[in-house]
Every structure is written in C-alpha cells, then in structure tokens.
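Asker: Residues per chain are reported as follows:
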Amino acid sequence: MIFDKLKDEVNELLSRYPVKRSALLPLLYIAQREEGYVSEPAMKEIAKLLSLTPSQVYETVTFYSMYNLKPIGKFHVQVCRSLMCALVGSDNIVEWIQKNLNISSGQTTADRTFTLSVVECLGSCGTGPMMQVNDDYYERLTEEKVGQIFDDLKQKGSSSLKSGPFMFPQPTKS
Amino acid sequence: MSEHTTTGMVTVTIDDVTASVPKGTLVIEAARQLGVMIPHFCYHPKLAPDANCRMCLVEIEKMPRLQTSCSTQVTEGMVVRSSVPTVKQARKSVLDFILANHPLDCPVCDQGGRCDLQDFSHEYTASGTKFVELKRVFQKEYFSPVIETQMNRCVQCLRCVRYCDEVMDVRALAPAGRGTLTKIKSFGVHELDCEFCGGCVQICPVGAITSRLSMYEFRPWMLKRTESTCGYCGDGCQMTFQAKDNDLIEVNSTLGVGRNNGDLCSRGYFGYHANVHEDRLQSPMIRCDGELVEVPWEEALAVVAEKLTAIKSANGADAIGGLIASRCTNEDLYLFQKFMRVVIGTNQLDSSARYGHMNGIHALQRVQGTHRWSMSFDDLLSANAILTVGTNLTETNPITALKVKEAVKRRGAELITVEALEPAIGTISNIALLSTHHLPLAPDQFASGTIGLLKAVIQENLVDAELVAHAKDYIDAIKKQVDAISWTDIEARTGLTAEIFQDSAKVFTRAERAVILVGQGVLRSQGGYGMTLNLMDLLVLTGKLNRIGCGLAPLAEENNDQGSVEMGAVSELLPGGKDCRSREAQQSLEAAWGCSLPSGEEGTLMDMLGKAKRGILKAMIIVGENPIGSLPPDSGIEDAIGKLEFLVCQELFLTDTAKRADVIFPACSYAEKDGTFTSTEGHTQAVRKAIEPLGESRPDWEILSALSVMMDHPLEYESVKAIGKEMRDLMPGTRTLGPSPLPPRPCLDTLTQYLQEGYQDTLATRYCLPGMKATHTFVLNVGQSIFHSGKFSTRAKGLIQIQSQGVLSMHPEDAERLGLACGDGVCLENQLGQVKTTVKLSDRIPCGVLFFPEHFDQDIQRLFAVSVDNDTHVPYFKCAHVEVSKAS
Amino acid sequence: MAKYEKILLKNMEQPGYTGSLKEYEQTGGYQAFRKVCEGMAPSDIIETVKLSGLRGRGGAGFPTGVKWSFIPKDHPGPKYLCCNADESEPGTFKDRQLMERDPHQVLEGMAITCYTIGAETAYIYIRGEFWLGAKVLDQAIAEAKKAGYLGSNVLGTGKTINIFVHRGAGAYICGEETALLESLEGKRGKPRFKPPFPATHGLYQKPTVVNNVETLANIPHILNKGAAWFAAIGAPPKGTGTRIFCLSGHIKRPGNYEVPMGVTFREMIYEIGGGMRSDKPLKAFIPGGASAPFLTPEHLDVKMDFESLAMAGSMLGSGGITVMEEGTSMVWAALRLMEFFYHESCGKCTPCREGSSWLVQTLQRISRREGRMSDLDLLLDLCKSIEGRTVCAFGEAEVSPIVSTMRHWRSEYEELIREAEAAHPVKQEIPVLSQI
Ligand SMILES: Cc1cc2nc3c(=O)[nH]c(=O)nc-3n(C[C@H](O)[C@H](O)[C@H](O)COP(=O)(O)O)c2cc1C
Ligand code: SF4
Ligand code: FES
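Protein chains in written order, with the numbering used here: chain H, 405 to 578; chain G, 275 to 1162; chain S, 914 to 1349.
Keep in mind that the hints are not guaranteed to be accurate.
What the hints assert, rightly or not - Pairs of lysine-lysine, DSSO-like flavour, derived with a Cα cap of 27 angstroms:
1. H:452 <-> S:1119
2. G:683 <-> S:1119
3. G:320 <-> S:1119
4. G:409 <-> S:1297
5. G:457 <-> S:1107
6. S:1048 <-> H:558
7. G:404 <-> S:1059
8. S:986 <-> H:448
9. S:1165 <-> S:986
10. G:518 <-> G:933
11. G:1071 <-> G:586
12. H:424 <-> S:1072
13. G:933 <-> G:1065
14. S:1340 <-> G:409
15. S:1107 <-> G:683
16. H:566 <-> S:1119
17. H:474 <-> G:404
18. S:1165 <-> S:1119
19. S:1107 <-> S:923
20. S:1048 <-> H:409
21. H:566 <-> S:923
22. S:1165 <-> H:549
23. S:923 <-> S:1072
24. G:683 <-> S:1100
25. G:320 <-> S:1100
26. H:411 <-> S:1100
27. H:452 <-> G:586
28. H:474 <-> G:414
29. S:1048 <-> H:424
30. S:1059 <-> H:411
Claimed, not checked - FRET-style restraints, in silico, Cβ to Cβ:
31. H:424 <-> G:1098: 30 to 36 angstroms
32. S:1064 <-> G:710: 49 to 55 angstroms
33. S:1113 <-> G:498: 22 to 28 angstroms
Just so you know, the hints here were simulated from the structure itself, not pulled from any lab data. Model, not experiment: these values are computed from the prediction. Where is the CB? At the ideal position from N, CA and C, for every residue including glycine.
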C-alpha cells in the first residue's frame, strides 16, 4: 500500500477540495513518484481513497499523457517535436538521441536508464530545441549539450544545465 | 407570452409547425412531440445531455451557428429548422466523419438491420465516403463472458458509459485513451465485472457492444417479437422475447414501456435460456417399480385422477394438499386454488408467497385493510424520503432500486437505509452509498433498528398531532413499550447510537411524501410479521399512513407472489384477497362458482408438512415448487414428502422434489404460454407465448383442467382468456391490463379498529429486542444474488457464466482475523451441523456477518433451524448463528 | 518605436530580482490588495477593471470586468476563481515566466479577484510539465499566507482566501476553460457544452471565474494606478494595456517581450526581435499561437491588437508569434501543427475527433507525395465541416493552419501533388453515375 505511509500528505491534499475526486490527479502524481509509474494496485488504492470505482480512476489516467502505466527508465527524456521547436532543429536532436541511446520514441534503454518520448509542445517554444528530463527542462539544446546532460545524469543523477526559474531573454544591464 | 410563462408552457416553431411545450423541454424532445425526428447518437432521454456526437444540429433563429438540439432548451417564440440544407449538410458531414473510421462490417454485425448508423447513413449520405486513409483498428479484446465489444464500430457517443453511471450507478465502464483512439473498457486489462444489466448493450446505437449469448445467431428481421413480462422478480419488467425457430434468441426492453421503462437487470436480460434448457421435462412420467418412466398424457392423467379420487374417498378431502409456485401465471394460480377447493374440496393449499410475502400482506390487511401497496411505483420517484429495511434492494428488486436511485440522484429524495450492507464501492451498485442516513445492521437486528426508529419518533415528539388527539391509548401503549427499551440496549445490538435514529426519524417525519420499502431481510426473517407491523406503526405515528404518495411496500421476491395472494392461492385467502373465514366472502364465491366451498380447516405449507409427517396428509399436488430444495433439512421436509402415499408434480425440471413424485406432468415455462403476472405493486400485466411448448409440455392450468374433467368435476375453459374473464368478473380490478390501477386507499374502518384494539395482541411480542449473538459467532444469512432468482435462473447459461456457484462472502477484517484469504476453504459449524465451503472477501458485508447466495444446491441449508410464525405461518430459515474456522 | 514602460515584466527584469515576497513588497507589491481590503466595494473594483478595458490574455480576449460581473452577486454557497496556467498553446511561453519569476504578482491579482467575486478558494491550474512553476508558486503561497495576504482573515478583513496549485497532467485541451474545470474535478478533461457558462455553473457547478495568468497579473497594477492610466496604454479603446508577446521560430532574438498593444508586427519582429535569424527573408508568421491563422509579410504592418488582427483574418490569441523564413515548407508547417492538434483532440465530439484524424492523415499523404488534386477540396470541405460544429473552440483552432496556409500558399500543396501525380499517374477517373 503506497498511501498508508503518506497519510498526512493525502489528508492535506484532500483538504484542498470540497469534492474528493478533485484530488485524483495529485494522488496519481504521488503514486507515480513513489513507484515510477501508476500501477494497478495504486489505482485501486486511489479509487478507495476517493470513493471512486477503479474504472473511474482508469478513464482519467488514460486521458492524460503524463502518467505512465508501465515502468519506465530512470530518466524520462521527453523531446518536443512541435512546430516551434522543429523550426529550430528539434528533429536533429531527436535523431541524435535515438542514435546515441539506440532507442526510438517510446522505448527504454537496455540498462533502464533512459526512456525516450517524442512529445508535443512543452511550452518553451522560444528556447527550442528543448527537452524535459523527469521534472526538469533543458533548453536551447545542441547535440553537444544533450551529450553533456546525459553524461551528467548518468554520473551524478542530475545536471546543472537544467533551466532555473525561467526568464528569456535574460535581462541585460542597460 | 406572459400567459404562457405563468402556465410553464412555451411556444416553439419547428419546421413550420407551432406548438406549446413545457418550459425546459429540449429542442430534440419538442421536435419529437411535433412529429419531427431529429437524428442523434449521443442523446438518450434517460441520460443527461452530453452533446458530443453533433448529429442533432439544427438551425435556431437568432443564434449564430448551428445548435445541438439535444442540449438546447426551448424558449418562448423559438424558431427551429431541422430540414434546411445547412442542417442536412451538417448531418451528412457528421456521418461522413463517423463512417470514416467505422469498419462497415455490417454483414457480420448483430446490430445490422436495427442500427442507427445504418438508418441515418441511408437517409442522409447520398454518396460513398471520400475517406481513403487507413481506418483505425483496435485489437480485439476479450471483454466479458456475456457482453462483447467490437470497438472498431464504436461511435464514441458514450451512452454506455453514461448509462452505467447515471442510471445504474455502477460506473464499471471506462472510456480509455484520448481522441479517436478512445475505447470503452472496464478497468485496465481486466474483464468487465459489473451488474451485467445489459444496459450498455441495449443503449449502444451501433453494434459496438453486443450480447455474446446471441452473437451471429440472427438477423433482426428473422426474429419473432413477443411482448411479455419477466418471470424472475416482483418488479414485473416488461420485455420483448425475440425468438427464431422456436428458440429464444434474445430479450430486449423498450423505452417507455412498463415500469422498467427500457431497463432490465441481468436476470431479465441474460436469463432467458432457463426456459429452453435441455433438461426440460418433455413428457409425462409415472413411477413404475421405483423408476420414472415416460407415458402418454392420458395414462398419466388417469393414474392421478384415479389415485386422488381413491384417497379422497378413503381419507377425506383434507388428506390431499396442494402447493404451487408463485412463478405461475395468475390463471394457473386461480385454477389451482379452484381445483383444490372445488375438485378436491379442501383448504389445504398454499403457494410460495408463504415464504415471506404473506407477512407483508397480513400486516397491510391488519392495519390498512388492503392487500396491496397504498402507493405506486411512481410514488417512489416523487418521495421526499425513502426508508428501506432489509431489502438488499439492488440484488432482490433491481428495478425498484433504479427508481430509488433516480429519486435520490435526480430528485433529491432523502434515503434512510437499514440494511446489512456497508457503504463500500464494488462491482455492483450499493444503495447504502446513496443514502443520506445509513444504519448498517446485522440481518438479525433489523427488528432492533426498527424499534430504534420508533423510539426516536416517540421520544422526539414526532408523533402526528391529529393522531395524538384520536388514539391516545395506542400511542401510550407503544410509548410504554419503547420506554422499557433503553438506548443502551439498542446500541448494544445495533452498534448505533441514539442520534442516528433520531436524525433518521426526523428526516422521515419531515418528509411530505415518505415511503417504506420492506424487503426479504424483514419479510423472511424471524419476527418478520411483527417487524412489518412495527414499520406500519411508524407510518401511523408520523401521520403518513393515509397520506397520498406515502405507504409501506413489501417487496415480493418471486414474480407473482402478489398474484398468488390475489388469486387466493393461499390457504387463508379466497380470490380477491378475501378472508376465507368470512361468510360473506364464501357466499359470494359459492354463488359465482355454483358450488359450496370446503369447510375443513386451513392448511398452510408448514401445516401440511406437519400433517404429512403424522400420516394425516396422504397426497400432494405440487405445481412448480420444490420444497425439498427450498426448506432446510431441519424442517423435516424429506420425512414429510417421504411419508406421502402419493405425490404429483407439475414441473419444468426434475427437481429434488419431482424426483420423489409418483407422477410428473411436464409443464410449460412462461415463455410458452399466455396469461398474466401481478407485480409487487399490484399491477397485472400480460404474459405472452413467445414459443411453442417444448415437447409435450402443457400449461399448468390445462393440466389441472384436464384432471378436473377426469375427476368428474370439470373446470373447463376454452382458453386462458376464459379463465381471465372469470377472474375479472369475480374480482373487478384485477387483470386490468394496461395502465396500472390506482393504488387502493387504506380502509379507514380497519385503521380505526387497529388503533382501538387491533394493535394490542401482538404488541408485547413485536416490541422487544432480539437476542444478541455470542461474540465469537457469526450471523450467517442466505439470500438473493443479483444474478439469480430462486433456482430457476441457475439453468440459464448466461447467468451461470456470470455466477456459477455459491461462495461465502465475508468482510476482509473478519477474514484477516481468522487468517483467511479469498478462495480459502472454511468450515461453518453450529448445533445443527458442520459445512465446508469457500470464502470470498467483500467489504459490503458488515463485520460479523456472512452471506451465502441461496440459489445453489449447497448443503449449507443444514445449518438453518426452521421456526414458524404464529400469526402468519411463515417459515423462517434465512438466518443462523455459526462459528467459522479455516478448513484444514 | 516610442518609449514605453513595462508593467508586468518590470520587476523581474531588474537584475537580481528573485520574486520573493520581500522584494515584491519593496516594489509596491500587495499595495493594491491592501487598498482593496481597506473596504473597496466589489462593484467598484469591477467597474475599475471594466473601465481599464482589460481583455483576457488567454486567447479569446473577453473583457475581464464584464466576465466578473456575470458572477451572481447574492449566490449562496461557494464561488471559485481558477487561474488558467495551462499555457499549452504552441508558441506561447509567457505565463511560465510570470509564475516562475514574479509569482506574487499573479497571487496578488488572484487575491483581489477572489475578494471581488466573493470566492474563498482559488485554484491555479498549471500545466503538469511546469513542475518548477508549481513549486515556486507553492512557496510563494506559503509566504503570502504567513504574511496574512492569504488564508483566513486576510489583512484583518475577516475574509478567507485560499489559493491552491493544481497540476494538470498533459492535455492541451485542459486550457479550454470548461475542460479545465472538468480536469480540476478529477475527470477526463473534456470541454462542457455551453450554456450554462462557468460564471453560473462552473467548478462543482458553482459560479466560477476562469482567468489567464497574465490577465490576473495586470489586476494589481490597474488598481494601483487607476483605470484611466491603463486605458491610455496601447491601442485604446479596444486594445488597452501591454501584452507579453512570445517570439519564436526563425527569429534572431526569441523570447518574451512586453509591449503596448498596437505595435506593428514589423516593429515586433525586426526591431525587438532583431529580424530573421539567418537573414533570409520572412515567409510567414503565426501571430497568436498555433490556433491563429498564418499571415504573410504583407501583414507586417498590421497592428498587434484584437481588432486589427481580426481584420487581417487572424487573431491575437495567446500572444505567441512564430516566425518562419523563406524556404520553410508551409505544408510541412501546417502538418506539424495538425499533428499537434490530432494528438490533443480530446475526442469528445465527432467533427473534431474524426476530422483531426482525417485531416492529419490526408496532410501526411500529401507530404509523402501521394496526394491527389481532389484532396485539396477535400481538406477545405473537412475544415468547413469542423468549424462551428464542435463543442469548444478547438475545432476552429485545428483548421486554421490548414485553411490559412492553403489560402496563402496553395501552390505549395499543388506542387507536392503534381509530383505525386507524375510519379503515380491515375489512369482514369471513375465517372459519377449522374453525370454520364
Ligand atoms: C483549445 C483551447 C485551449 C486553450 N488554452 C488556454 C491556455 O492554455 N491558457 C489560457 O489561459 N487560456 C486558454 N484558452 C482560453 C480559455 O478557454 C479561456 O478563454 C481563458 O482561460 C479565459 O481567461 P482570460 O479571459 O483571462 O483570457 C484555451 C481555449 C481553447 C479553446
Ligand atoms: S460503445 Fe456504443 S454506446 Fe458506447 S460509446 Fe461506443 S457507440 Fe456509444
Ligand atoms: S444527440 Fe445532440 S450532440 Fe449527440
């Protein structure tokens, strides 16, 4: 049971909404955080917590693209392919990643380190090409930069190249 | 305009026709009323509009762009056009869009010939599609044993999903995925597990959800339709048998027809195969040298006539008894009791209404002098408060449950549930989840719960002012009783504090219209009659007994329990529910029948069995009833039947009882004969022959009629209609096929009599709390499952696919305490014996309670002791106390 | 172009500004909320916002004050404010910056709105991917709560205002206000049909205002400096105030730029954006996010306000400007956007669901050089059958790239099809029966 040990967190979430079902998306995030994906037992547990049927949880989960219904790699690399990023070269980045990780979109590397997803617009169109790895954004990508990020992730589990609070263009002293 | 607004009507013009319709009517409905059919997929009168298919677009003056008529309400002066070119073009384009991904596999689609998509395409798309891309193709997935999905055909109207949620309150179906790749699934990769009401199959406008029971077996135009009444429960659903080559292919229900108004339950929808089961008896049999051998009808009839005549002349008419199943038609029941009373000449007769329904009837007769509800099914919908006691409503009376759901979900009725149910969400709907006040009780404590409510009424001064003025003694007597019972005692038994009783009592009293539904948990349990009387007291005390829209409704388990009573197929009642001891009633019946009625004492089921055991009753005619299967061994049923000199059975199957018969007549199922059933509400509805009788089987009335001729007391009728006519003449008000009769008003004289003294004799026994169970034991309850009804349904292959055997349900906490897991063997034990079975975990069952479905031939019956109600002679055997251990 | 003062980005563009409560307060933050709490009548606030001419920055450009005034005044029971921070329109990335860099500006706007419409609870529905934004907002809410701007008895008024961050989970459609409400209720994010509108039947069927992040961020400034001040900025009377435009694509200096409404695209692209990245000529631009019809260099002098763009056959939308240089295939560009829309169609209504799949497949086929001339009419036919027939405005959005690129660059489609026809000639058309 995932949520047994998270009672406080769950209760705080539930207290935010007058109707329990509203806590569904947040609870699914917790389930995904704890297990790496949204498992069936987790959906059933959430259904119980929110007085829903498992089918109701399931229909909601499958509507949204951010929940994984299967285990994925340690780092979920999501590269934007939409027009704005494509104009500035996202296709090349995707190709480079596919070649270097030797996987195509939707696949996970054999060592289960990386899962690649080619996705639609992630809302940083001015700083493309860009990708999201787990929670973090990496923007204005070049092939070298992606290589560096992947090395960092593999070695340190994180990379300093990730975007901080977003500001673009950066203000210049006038 | 102002005139209309005050009357709540508005004027609307649709395709140049102007008419007045009620305010708030949807354009699509208004159009239908004006004779304009607007094509639609997602709209359904039972469902809240979703406006997703866009098929119903119309032009409305003064509105930009086309509007969906299914979600737009008419307003005063609205002008709607549904056949202008833009609208037609819009329809065509929606169809083009749908057809783009539709597989067009009409040749192998069961919906072919009755498919909305086919019909609309035929009407609106003149040419073929311009779609040349690849069609979306879903992998075929297994869905469930009886329901099949073919998602390539789905038009994503979500009617199925919405029905499952809004009407059924089950929410088993999930639209999974997004966009055009959305498909209807259950949870994840699991097969569907739900109430299997078949609603999704029926409501799907295309062939995306179909029944596996009739897959690929027919084209709709090959089917012969017969409108009939369901033979499973007292709800009396109207349905259509679809037959081909004298075989039943499927069952449907029609929107707007009957109380069920297009809804059915799993038994109605998937249970029809029981009628045509291969084990059906097809020719008469007599016992020769201990073996049953097939003989011609004449021979079998002759044997019976001769033997019964002999026994009658040797031992008197009262040596012969009769028992009939309430599953028979009114005509069968009527002729049966007439046969017993006139041809045999005895009052030793009973029907399966004795198993519980008689408790409700006697209570109604005692207090309000009627043998029918004083409210109607529709009053459930307009009730402000509904109290259900011991009903397990969804499982016993699924359509009544739908009314309650609608009353609560759509009309805001308050619901008080006194049930052995925990409000847990499961695969079938749970009425406790909808309740505003839920009193979860063990099944042997409904009496305590009822007394709790009464105590609260008295204590909180909720007694009707007018009653206080008129019936002081009555109130004082009850007050004295409930004062003697402390809240502590009630709490000890129910686990509930005074507040919930007080709150519930207030809600009930406050309601303008309040209805009490009484179920098997009360009617078939120890003290059932007393409990029902107590619930009537609740109505009386709160001043609701004689108020329109209020009343107490005993829910019949068998489809024609109510008919048995009204036809006089119980010992103490003559046709029309008249007291058989009333000289007046006897005289009028004697005049009508042209003969005298028997004078011997009445003999109900348990009386007859007792007499059989003592060798006084020598012979029995048992029509469609299987007492050996129904009654636990503790009743001595085997002994009683074994001692009979002569046993005749009219049966569909070789039941445990029929196996002991000396002569068996093969009877027709209700799909093979005409007649009527009376629903639990007292509405008589037609049963129509859908297929020819199987083999040599004959309707029960025909068999009895033939016997009567051979016994020189001919009860001859040309057809079943002639019996109907006799019934109608005798009992005006029965057999009013068509709209249901107005419910009878309570008889004020009876009520007055009850308030003066009628209440007294039973007061002390019914106003006392049942004992408590020992802490280490469990209350074992047998009862009905939603997928079955009696044992007849266990011959329906669809229902057997859904539920094939009985397992013991137990609360997970109890199981954990006992170290039991789902599927483990358990041993149940009490002073009557020891039984092994398998356990299943269910959080709907309260802790300390066990539930076992009564439909399967399990020796669990051995654990139940039988006791008989002093007043109503109802045998009680549904509850036992047992110890549970893990089977080694 | 003329000098102007930034409103929304002013603070954050100060070097070293982190957006903490302290810094925000130092620059005059929460003064407007204090002023309001000192007893401004909600009706006066609505009036001020109406007079300011502020129109929604989320896409539809509905006058904000008017929207607020639709909330039933004496409605018993709860009312809600939802801040639309779903920012999923391709080409748009301004709300992210507003939230990550100056969260209190948004929160103050929300607090004032709650006060005005009588909502005790507000939710910020932020797109799931903006994990950092959600974190920043959560921290800011905690700060504001501690300082008494949020929580119970805000600034001693006895009123309760709670703001919660609610993360979406990857669905563009949840930016549509009713889909947002459904999603916030824990359901599939499918738009509801309207009427009823959220103002009366919104979140949990209660009166609800849904406003975009940028819209709300403007509120404190309007109350501080007055309606007249705001109404004088930009292109009055119908396009008042500034807007943050997001520049992307083949532009030299992409990014977020706040300018008064009414500057021209030429100024925007060439002066502010520094012109084309590769110094190739401009071929096309999208003026207001992926849903806005494409424009051509001929439209460079169109002013960036609601009316001017509508006249040019496009829309101001979400303020995302995407620039494309000569050499970009317009069929490819339309296809990329169409693929986005196909992926994001919620599937609720037939024309959008089936239409998007049909359109995308047809475009893909044309791109693969397997098209036919008749496909062009088919595409336009399909677009016509989608527009105006869907539950929400997604239908209009998804057809705009195709319709507008076919309007301006039909020859590019024809070129691809001619190549296809040359490679796979059709032998003979099948005659239509009625024409023989
Ligand atoms: C398909 C679709 C997507 C939308 N996405 C967004 C969005 O991401 N963010 C946003 O603020 N508004 C979005 N909108 C507009 C909202 O429906 C709504 O108009 C807006 O939130 C109202 O806020 P405003 O009045 O402050 O602009 C979208 C509309 C549609 C039809
Ligand atoms: S399966 Fe049938 S009822 Fe359900 S959404 Fe599809 S077409 Fe509609
Ligand atoms: S019937 Fe109206 S939109 Fe489907």
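Asker: Now, for every hint given, state plainly whether the structure supports it.
Answerer: For each hint, the structure was consulted:
Proposed proximity of residue 452 of chain H and residue 1119 of chain S is supported: the alpha carbons are some 26 angstroms apart, at most 27 angstroms. Distance restraint check for residue 683 of chain G and residue 1119 of chain S: the Cα-Cα separation of roughly 18 angstroms lies within the 27 angstroms cut-off, and the hinted pair is therefore satisfied. Distance check on the hinted pair: residue 320 of chain G and residue 1119 of chain S sit about 24 angstroms apart at the alpha-carbon level, within 27 angstroms; holds. Distance hint between residue 409 of chain G and residue 1297 of chain S is fulfilled; the C-alpha atoms sit about 22 angstroms from each other, no more than 27 angstroms.
Between residue 457 of chain G and residue 1107 of chain S the alpha-carbon distance is near 25 angstroms, which keeps this suggested pair within the 27 angstroms criterion. With a CA separation close to 25 angstroms, the supplied pair residue 1048 of chain S and residue 558 of chain H stays within the 27 angstroms bound. Under the criterion of a C-alpha separation no larger than 27 angstroms, the hint pairing residue 404 of chain G with residue 1059 of chain S is inconsistent with the structure, at around 63 angstroms. For the proposed pair residue 986 of chain S and residue 448 of chain H, the alpha carbon gap of about 41 angstroms is over 27 angstroms, so the pair is violated.
The straight-line distance between the Cα atoms of residue 1165 of chain S and residue 986 of chain S is roughly 50 angstroms, outside the 27 angstroms bound, and the hint therefore fails. Straight-line distance between C-alpha atoms of residue 518 of chain G and residue 933 of chain G comes to about 32 angstroms, which puts the hinted pair past the 27 angstroms bound. With a C-alpha separation of about 43 angstroms, the suggested pairing of residue 1071 of chain G with residue 586 of chain G is violated against the 27 angstroms cut-off. Pair hint residue 424 of chain H plus residue 1072 of chain S holds up; C-alpha atoms about 24 angstroms apart against a cutoff of 27 angstroms.
Between residue 933 of chain G and residue 1065 of chain G the CA atoms are separated by roughly 16 angstroms; this keeps the pair inside 27 angstroms, and the hint holds. The straight-line distance between the Cα atoms of residue 1340 of chain S and residue 409 of chain G is roughly 25 angstroms, inside the 27 angstroms bound, and the hint therefore holds. A hinted pair counts as satisfied when its Cα atoms are at most 27 angstroms apart, and residue 1107 of chain S with residue 683 of chain G qualifies at roughly 23 angstroms. Between residue 566 of chain H and residue 1119 of chain S the alpha-carbon distance is near 41 angstroms, which puts this suggested pair outside the 27 angstroms criterion.
At most 27 angstroms may separate the alpha-carbon atoms for a hinted pair to count; residue 474 of chain H and residue 404 of chain G exceed this at roughly 38 angstroms. Distance check on the hinted pair: residue 1165 of chain S and residue 1119 of chain S sit about 47 angstroms apart at the alpha-carbon level, beyond 27 angstroms; violated. In summary, the hint linking residue 1107 of chain S to residue 923 of chain S is not supported, as the alpha carbons are separated by about 38 angstroms, beyond the 27 angstroms threshold. Using a Cα cut-off of 27 angstroms, the hinted pair residue 1048 of chain S and residue 409 of chain H holds, with the two alpha carbons roughly 23 angstroms apart.
Annotation: proposed proximity of residue 566 of chain H to residue 923 of chain S holds, straight-line Cα distance about 25 angstroms (limit 27 angstroms). Between residue 1165 of chain S and residue 549 of chain H the alpha-carbon distance is near 20 angstroms, which keeps this suggested pair within the 27 angstroms criterion. Of the pairs offered as hints, the one joining residue 923 of chain S and residue 1072 of chain S is violated, with about 30 angstroms between alpha carbons and a cut-off of 27 angstroms exceeded. For a cut-off of 27 angstroms, the pair hint linking residue 683 of chain G to residue 1100 of chain S stands: about 19 angstroms separates their Cα positions.
A distance of roughly 22 angstroms separates the Cα atoms of residue 320 of chain G and residue 1100 of chain S; the hinted pair therefore holds under the 27 angstroms criterion. With a C-alpha separation of about 23 angstroms, the suggested pair residue 411 of chain H and residue 1100 of chain S falls inside the 27 angstroms cut-off, and the hint holds. Our distance criterion of 27 angstroms between C-alpha atoms is broken by residue 452 of chain H and residue 586 of chain G, whose separation comes to about 65 angstroms. Only pairs whose Cα atoms come within 27 angstroms are accepted, and residue 474 of chain H paired with residue 414 of chain G is accepted, the gap being roughly 21 angstroms.
In summary, the hint linking residue 1048 of chain S to residue 424 of chain H is supported, as the alpha carbons are separated by about 23 angstroms, within the 27 angstroms threshold. A C-alpha spacing of about 24 angstroms is found between residue 1059 of chain S and residue 411 of chain H, which places the hinted pair at or below 27 angstroms, so the restraint holds. Evaluation of the 30 to 36 angstroms hint for residue 424 of chain H and residue 1098 of chain G yields a pass: the beta carbon distance comes to about 33 angstroms. For the hinted restraint 49 to 55 angstroms between residue 1064 of chain S and residue 710 of chain G, the CB-CB distance of approximately 33 angstroms leaves it violated.
Against the hinted window of 22 to 28 angstroms, the Cβ-Cβ separation of residue 1113 of chain S and residue 498 of chain G comes to about 52 angstroms, which falls outside the hint.
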